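Asks: So the sequences go chain by chain: P and L.
Under this note's numbering, the first residue of the first sequence carries the number 15, and numbering increases by one thereafter.
Under this note's numbering, the first residue of the second sequence carries the number 14, and numbering increases by one thereafter.
Hints in this document: simulated from the structure, not taken from any laboratory.
This one's a predicted model, so the numbers in the text were calculated from it and none came from an experiment.
Using N, Cα and C, we set each Cβ at its ideal position, and we do this for glycine too.
Worth double-checking, as some hints may not be accurate.
Which residues of chain L face chain P? A few of them, derived with a C-beta cut under 10 Å, are [to be verified]: (1) THR73; (2) THR137; (3) VAL140; (4) ARG142; (5) GLY146; (6) GLY198; (7) PHE244; (8) GLU264; (9) ALA291; (10) ASN293.
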Amino acid sequence: MHHRFLPSGPVFSPSATAFAALLVAAVLGCSGSSTGPNGAAEHARPIELLNVSYDPTRELYRDINAAFAKHYEQEHGTPVTIKQSHAASGSQSRAVIDGLDADVVTLATWPDVEAVAKSGLLRGDWQNRYENSSIPYHSVVVFVVRKGNPKKIVDWQDLDRDGISIITPNPKTSGNGKYSFLAAWGAALAAGGSEDDAQKFVSAIYRRTPVLDTGARAATATFSQKGIGDVHLTFEQEAHLEVDESKGGLEIVYPKRSIRVDPPVAVVDQNVDRKASRHAAEAYLGFLYSPEGRAIIASHHLRPWGDTPPPPAVGETWPAIETFDIGFVAGDWNNAMKKFFGEGGVFDAIYQPQPDKQPAKQAGNQARTQGGT
Amino acid sequence: MNMPTPARQTARRRSVLPGFGMSAAITTLMITAMVIIPLAVLGLRAASLGPTEFLAAAWTPRARAAYAVSLGASLTAAIVSSVCGLLVAWVLVRINFPGRRLLDSLVDVPLALPTAVAGLVYSTLYVERGWLGRFLVPMGVQAAYSWLGIVLVLVFVSLPFTIRVVQPVLESLDRDTEEASRMLGASRRQTFLRVILPAIFPAVITGFALALARALGEYGAVVFISGNMPFKTEIAPVLIVSRLEEFAYAEATAIAVVLLVMSITLLVIVNGLQQRVARNAQ
Numbered sequence: 015m016h017h018r019f020l021p022s023g024p025v026f027s028p029s030a031t032a033f034a035a036l037l038v039a040a041v042l043g044c045s046g047s048s049t050g051p052n053g054a055a056e057h058a059r060p061i062e063l064l065n066v067s068y069d070p071t072r073e074l075y076r077d078i079n080a081a082f083a084k085h086y087e088q089e090h091g092t093p094v095t096i097k098q099s100h101a102a103s104g105s106q107s108r109a110v111i112d113g114l115d116a117d118v119v120t121l122a123t124w125p126d127v128e129a130v131a132k133s134g135l136l137r138g139d140w141q142n143r144y145e146n147s148s149i150p151y152h153s154v155v156v157f158v159v160r161k162g163n164p165k166k167i168v169d170w171q172d173l174d175r176d177g178i179s180i181i182t183p184n185p186k187t188s189g190n191g192k193y194s195f196l197a198a199w200g201a202a203l204a205a206g207g208s209e210d211d212a213q214k215f216v217s218a219i220y221r222r223t224p225v226l227d228t229g230a231r232a233a234t235a236t237f238s239q240k241g242i243g244d245v246h247l248t249f250e251q252e253a254h255l256e257v258d259e260s261k262g263g264l265e266i267v268y269p270k271r272s273i274r275v276d277p278p279v280a281v282v283d284q285n286v287d288r289k290a291s292r293h294a295a296e297a298y299l300g301f302l303y304s305p306e307g308r309a310i311i312a313s314h315h316l317r318p319w320g321d322t323p324p325p326p327a328v329g330e331t332w333p334a335i336e337t338f339d340i341g342f343v344a345g346d347w348n349n350a351m352k353k354f355f356g357e358g359g360v361f362d363a364i365y366q367p368q369p370d371k372q373p374a375k376q377a378g379n380q381a382r383t384q385g386g387t
Numbered sequence: 014m015n016m017p018t019p020a021r022q023t024a025r026r027r028s029v030l031p032g033f034g035m036s037a038a039i040t041t042l043m044i045t046a047m048v049i050i051p052l053a054v055l056g057l058r059a060a061s062l063g064p065t066e067f068l069a070a071a072w073t074p075r076a077r078a079a080y081a082v083s084l085g086a087s088l089t090a091a092i093v094s095s096v097c098g099l100l101v102a103w104v105l106v107r108i109n110f111p112g113r114r115l116l117d118s119l120v121d122v123p124l125a126l127p128t129a130v131a132g133l134v135y136s137t138l139y140v141e142r143g144w145l146g147r148f149l150v151p152m153g154v155q156a157a158y159s160w161l162g163i164v165l166v167l168v169f170v171s172l173p174f175t176i177r178v179v180q181p182v183l184e185s186l187d188r189d190t191e192e193a194s195r196m197l198g199a200s201r202r203q204t205f206l207r208v209i210l211p212a213i214f215p216a217v218i219t220g221f222a223l224a225l226a227r228a229l230g231e232y233g234a235v236v237f238i239s240g241n242m243p244f245k246t247e248i249a250p251v252l253i254v255s256r257l258e259e260f261a262y263a264e265a266t267a268i269a270v271v272l273l274v275m276s277i278t279l280l281v282i283v284n285g286l287q288q289r290v291a292r293n294a295q
């Protein structure tokens with residue numbers, strides 16, 4: 015396979031080719047990645063790093079890369095260029111496993127990085143290499159609503175009201191979708207509900223979801239461009255982009271509580287050792303914890319780790335929101351994946367046709383937009 | 014008897030077409046590398062599951078519903094595409110009107126356009142707020158996020174095939190036979206049904222097969238307009254992607270294998286049909 019990387023911008027075109035790529039990945043999958051074309055040749059300066067990341071961080075890493083390159087050259091005298099690759103987090107993880115030569119991965123969810131570790135490319139202790147379990151910034155799931163909040167949606171319980179239609183991507187195919195699902199579940203638990211209550215609440219939400227897009231940005235287009243739905247569940251930084259783009263047509267609502275979105279980062283041990291780029295790769299991720307890195311992260315509406323996080327902009331503050339993490343919702347990610355999103359899990363059960371009802375077959379030509387009308 | 018016989022020469026005589034050995038080698042290599050090896054790996058992958066696991070992965074109620082959506086929508090789209098393609102080809106070949114050349118070149122646009130864009134544009138047009146949706150939705154026609162929408166985009170991506178296959182056959186059709194048919198007293202209808210249709214029908218069926226194959230494999234256009242609701246508008250490839258998201262490679266491959274077997278069966282049937290029609294037409 016031959017990958018070429020541009021310094022920034024879209025590298026993989028999204029859905030159109032994604033399926034073909036995925037199928038190839040499925041076929042070649044675990045057959046073991048080769049050692050690469052040029053062995054362990056000593057890396058000549060200047061150093062080149064490849065950061066394999068997910069969709070919404072495109073703008074963030076463009077800024078980080080520029081700042082880090084300057085910083086690293088000043089500090090060590092070695093020029094460094096960073097190339098980025100962005101696509102859906104899960105398929106990026108597969109690409110690295112299948113041989114994409116990433117120096118660092120900065121992915122959306124813990125399972126995506128853990129999958130790379132399981133393939134042997136990362137050492138098992140990757141989580142302990144950086145502060146906060148290698149999570150340099152976090153986000154929260156918030157609501158985006160139409161201007162003036164006409165449906166008066168202020169907190170989670172408002173989502174399960176007659177006439178509310180919700181937009182969120184398919185949690186089986188989207189990390190953004192997974193987090194929205196977990197946020198709703200956790201919100202029900204945090205409000206004092208039982209597991210049963212949580213399941214009822216989450217089922218109600220998906221019954222009010224007329225479209226299940228396969229990715230986060232597709233869901234954004236459905237909500238903002240096509241005007242479908244009353245509320246869009248998404249990450250805080252994505253919500254800011256969406257609202258800015260709408261030029262006053264949309265606004266953000268912060269629920270009282272939400273899930274903390276923790277995207278981890280890791281140096282891909284095998285690749286950096288082979289390419290002799292470990293020093294720069296480690297410094298690159300370390301830069302995310304530096305004052306300069308934290309300020310850039312904050313300016314993209316991601317919440318940097320550490321005490322007194324810098325504000326998104328001068329004079330702004332981070333809106334207060336109570337957060338819970340994956341541990342509160344499901345114990346850990348493995349458990350969450352199995353219980354909620356695995357084959358036959360909670361999410362599948364929501365769509366299981368009721369035994370007493372005929373399943374709606376493809377013969378019905380009308381989309382059933384539940385709760386939408 | 015003493016004529017010099019060409020027999021010895023024939024043994025060494027080379028085909029009239031030059032470069033047979035080379036082209037056969039290239040053909041074999043291409044087909045092996047591009048088609049046979051990937052398919053074999055697909056089969057091997059799926060075979061890493063036992064029969065029960067295979068069934069558990071590929072034959073769930075949800076997967077069956079997805080196959081039904083994929084096959085049903087693709088068949089419908091291929092039929093619509095064949096009928097419309099025949100009409101368009103007819104107009105382009107038989108009727109001379111200003112802008113014909115332009116129209117003719119527009120036929121190929123769906124081949125060049127990334128299909129994801131087509132899916133996005135279609136769904137934007139047909140939602141309640143869209144240019145077409147604002148008229149259609151009040152009339153009860155929900156084309157975005159529905160089975161109808163899937164058929165619409167599949168017709169879009171498959172139409173060039175049906176047009177382009179029928180067009181040359183129509184062009185080569187001898188007008189004399191039609192005139193003879195009319196002179197001998199056949200009605201227009203009879204002329205079409207008895208003279209023209211038998212000549213072009215094999216091409217129509219070939220177009221149908223190509224359209225069907227194209228539609229079954231489409232992913233990008235469909236995910237943007239189908240809404241992906243399980244049991245209703247979820248196509249099989251979306252299921253494959255969700256299994257890959259769980260890093261369940263073998264299970265994903267199992268679904269792919271079932272889909273592949275279904276499409277190959279369909280294509281074999283269509284091919285058989287086409288051969289029979291072609292034989293009858295002679």
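Asks: Could you work out which of the previously given hints the structure breaks and list their numbers from low to high?
Replies: 6, 9, 10
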